[in-house]
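**Student:** Each chain, letter by letter, is given below.
Protein chains: 2
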Amino acid sequence: MARQKSPTVRQLEYFEAVARMLNYRSAADELEISQPALTAQISALESSLGVALLERSRSGTHLTPEGRELLPHTRDVLAAMRTLEERAAVVSEGRQTTYRLGVPPTLGPYLLPHVMPELHKRYHKLKLYVREQPHQTLLQELRNGSLDIAILPLPVRADDLIIEALFTEPLRYVVPADHSLSGTPVVRPRQLRGERVLTLEAQHHIHSLVKSVCDKLGASIERDYEGTSLDTLRQMVVMGLGTAFLPALYIHSEMHKPEALYVCQVEGMPLVRDHGLAWRAGAPSRHFYRELAGDIREFVDLRLGDVVRPANTPGRGGKR
Amino acid sequence: MARQKSPTVRQLEYFEAVARMLNYRSAADELEISQPALTAQISALESSLGVALLERSRSGTHLTPEGRELLPHTRDVLAAMRTLEERAAVVSEGRQTTYRLGVPPTLGPYLLPHVMPELHKRYHKLKLYVREQPHQTLLQELRNGSLDIAILPLPVRADDLIIEALFTEPLRYVVPADHSLSGTPVVRPRQLRGERVLTLEAQHHIHSLVKSVCDKLGASIERDYEGTSLDTLRQMVVMGLGTAFLPALYIHSEMHKPEALYVCQVEGMPLVRDHGLAWRAGAPSRHFYRELAGDIREFVDLRLGDVVRPANTPGRGGKR
DNA sequence: AACATTGATAACCTAACCCTATCAACAAAT
DNA sequence: ATTTGTTGATAGGGTTAGGTTATCAATGTT
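Which chain is which? The protein sequence lines are A and B, in order.
The opening position of the first sequence corresponds to residue 40 in the numbering used here, with each subsequent residue numbered one higher.
The opening position of the second sequence corresponds to residue 40 in the numbering used here, with each subsequent residue numbered one higher.
What the hints contain is simulated information worked out from the structure, not anything from laboratory work.
Hints are not guaranteed to be accurate.
Which copy? The list can't say, so a pair holds if one copy fits it or any two copies do.
Said to hold, decoys possible - Simulated pairs of lysine to any residue, SDA-like, Cα-Cα distance not exceeding 20 Å:
no.	residue 1	residue 2
1	164	110
2	44	117
3	44	72
4	166	112
5	44	128
6	44	122
7	166	326
8	166	111
9	164	207
10	160	137
Work out the full structure, taking the sequences as your base and the hints as a guide.
**Tutor:** Structure below.
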């Protein structure tokens with residue numbers, strides 16, 4: 040009647056062995072324990088299940104009908120346990136499971152298509168679950184464990200996170216095709232004075248970046264028309280609502296044939312955003328994350344070397 | 040790297056709780072153990088799996104990617120264990136599982152159709168796996184555990200078995216329709232002298248029974264034509280190859296309209312076979328088996344009372 | 001009749017497991 | 001800036017689950 044405590048896995052292994060061999064001593068041999076230990080564990084199992092599993096006699100041991108019924112369920116438990124252990128053995132090699140990666144919506148769609156295929160080539164079993172969120176949300180989700188790693192706009196100050204710089208991405212100045220600056224490859228900063236500049240909603244990092252530049256140049260942020268994505272922002276420029284600063288990777292990815300738009304450089308104006316990979320300082324996989332950061336730098340340099348600049352990588356020495 | 044020993048169920052329960060609550064102390068509360076004990080068991084689990092499952096920090100606990108991957112497998116093991124325990128709880132009530140019943144081929148098909156429906160009514164979840172074998176084989180299979188119970192021709196002498204008498208079944212004398220005794224309801228023993236009597240192969244219990252009677256009466260066993268079943272035996276009588284003694288239950292079940300045959304009684308000749316239910320003396324379900332024997336007696340009396348006689352039931356007193 | 005083999009039992013030992021008490025690190029509120 | 005409360009980790013100690021060897025009675029085999 041004592042049914043308070045669960046059977047142990049060991050007891051189930053013992054039962055399975057005896058049920059298979061129908062002999063306590065040889066089962067004990069196989070299990071590399073003594074026969075009395077086996078007897079004791081089987082008895083304990085029977086009393087915890089409240090059922091007689093085996094019929095003992097001096098002339099051989101048999102399964103009871105109940106034991107016959109429960110044996111398959113016992114094997115189910117053992118099989119599930121074996122599956123767990125095998126899966127653990129695979130996963131313990133690392134780089135074989137699903138990591139949760141957060142990216143800002145103004146970067147992910149234009150960066151990841153270039154990086155993910157290379158990562159997949161290098162780490163065959165690695166899977167990345169990608170989640171797009173505003174950078175503040177990314178930071179929060181990284182902290183609360185919803186994300187394992189995130190690509191964030193730099194600088195990030197946080198003691199509890201490790202941040203490894205990835206690369207520096209210029210912003211380009213985009214005007215409508217019928218704009219007075221259209222056709223001018225390199226514009227001077229002063230030419231921007233008084234321009235109406237469109238940008239994204241304030242929650243996006245790019246907003247504050249563009250705002251501070253505009254303040255410096257005397258251009259005006261058009262707050263009545265804020266884009267919710269880079270694509271809508273571009274459409275608004277096409278429609279003649281104003282001009283905009285757009286990230287180079289966006290332009291590279293989405294505007295191979297820019298109709299109705301003209302892309303300029305601003306002279307002597309290093310308007311850029313920096314991206315870094317971040318993870319919790321205590322994350323057990325931190326070594327792999329650092330490796331990942333190196334991989335991403337490598338692939339960006341390889342496939343996007345003419346669009347973005349490699350990050351300064353302090354602490355890693357001159358990696359050029 | 041230590042992966043020698045399996046995780047314990049308890050460790051998996053602990054892991055599941057922490058993964059669910061993401062807090063050691065409250066998980067420890069729920070599990071009704073102290074927090075240090077929980078810490079220790081989780082560490083042990085991680086080292087036996089060779090994987091970090093949880094990322095501890097003073098500000099909250101998170102699953103690692105590997106822990107996230109392994110958590111469902113952990114739950115699988117726990118679910119399988121719960122299934123086993125539930126199944127055991129059901130089965131421990133008794134009368135709910137499959138018992139293996141052996142019957143002689145000259146009895147089973149003619150007895151069980153009358154008994155099984157009643158048993159099913161009384162024990163809703165009980166299942167009987169029925170196996171037909173010659174009685175010597177039944178005895179052997181009962182001993183080696185292939186069968187749990189068996190209906191056997193009495194007497195059976197075996198210290199290691201319990202035998203409970205069920206009922207006594209007359210044998211009737213059957214002659215072809217054109218036989219000289221056809222139409223004689225009650226024949227005298229001496230009228231059988233010189234008759235050719237057909238019977239089953241020697242492995243069947245009925246063979247020796249019939250043989251000893253024939254020896255006594257001066258009838259001759261026809262060994263060149265031995266039936267392999269009661270049905271073929273009947274056909275042989277119809278064909279005029281001889282006469283036969285057939286069990287009353289067979290006649291009751293299969294010969295409601297006996298064409299080409301005539302069934303006699305032999306005066307003052309108690310030619311009968313006794314049937315008993317047998318099980319191993321040490322069988323944990325022996326009390327239920329004894330109950331079963333009583334049930335079978337009851338149902339036989341109810342449905343076949345005019346064909347067979349109740350057994351003398353020594354040791355149970357006058358159940359009359 | 002002698003011998004080997006079955007599972008159960010006795011007596012004992014070790015280590016697994018839990019406890020309480022305490023710690024250092026951090027968060028939040030003052 | 002300091003205090004207070006909470007986090008998971010660690011230390012020291014006690015109980016018992018689970019192992020051992022030695023032995024038994026019952027049974028099967030030679």
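**Student:** Each hint should be assessed against the structure and marked as holding or not.
**Tutor:** Each hint, compared with the structure:
no.	hint	verdict
1	164 <-> 110	between (36 Å within a copy, 19 Å between copies)
2	44 <-> 117	both (18 Å within a copy, 14 Å between copies)
3	44 <-> 72	between (23 Å within a copy, 14 Å between copies)
4	166 <-> 112	between (34 Å within a copy, 18 Å between copies)
5	44 <-> 128	between (29 Å within a copy, 13 Å between copies)
6	44 <-> 122	between (24 Å within a copy, 15 Å between copies)
7	166 <-> 326	within (17 Å within a copy, 59 Å between copies)
8	166 <-> 111	between (35 Å within a copy, 17 Å between copies)
9	164 <-> 207	neither (29 Å within a copy, 73 Å between copies)
10	160 <-> 137	within (16 Å within a copy, 55 Å between copies)
Checked against the numbered hints above, the structure violates only hint 9.
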